[in-house]
Amino acid sequence: MKDQMAMTLRKLRLSGAAQTLDVRLQEARGNSLSHEEFFELVLQDELNIRKDRMIRRRVSEDARGLQLGLQSVHQEETDL
Numbered sequence: 021m022k023d024q025m026a027m028t029l030r031k032l033r034l035s036g037a038a039q040t041l042d043v044r045l046q047e048a049r050g051n052s053l054s055h056e057e058f059f060e061l062v063l064q065d066e067l068n069i070r071k072d073r074m075i076r077r078r079v080s081e082d083a084r085g086l087q088l089g090l091q092s093v094h095q096e097e098t099d100l
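All residue numbers for the sequence shown refer to the numbering used here, where the first residue is 21 and numbers rise by one.
Calculated directly from the structure, the hints in this document are not laboratory data.
Values in this document were obtained by computation on a predicted structure and should not be read as measured data.
Do not rely on the hints blindly, as some may be mistaken.
Here are the computed distance ranges between Cβ atoms for each label pair [what the hints assert, rightly or not]:
id, residue 1, residue 2, range
1, R49, S80, 32 to 40 Å
2, Q91, N51, 38 to 46 Å
3, N51, M25, 15 to 23 Å
4, L67, K22, 16 to 24 Å
5, A83, N51, 39 to 47 Å
Built from N, CA and C at the ideal position, the CB exists for glycine as well.
Please model the entire structure based on the sequences and the hints provided.
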């Protein structure tokens with residue numbers, strides 16, 4: 021069942037939730053979480069992972085832009 025749930029989450033493009041599923045299932049059992057509480061935690065995991073990915077992507081894009089800008093400046097100095 022757990023493997024089927026993880027596969028379904030990935031098909032729905034919820035890979036962040038799929039990554040934390042095992043931990044959240046254990047937490048739900050250990051703390052007697054309601055279905056609503058469990059689902060909220062899984063959704064929050066997905067949102068957090070998406071936010072982290074977006075930040076990493078933007079930082080990477082900014083770094084590449086800065087590198088290209090520096091290369092351009094260096095090329096201009098070389099051309100002088």
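Q | In rising order, the numbers of the hints this structure does not comply with | A | Structure breaks hint 2 only.
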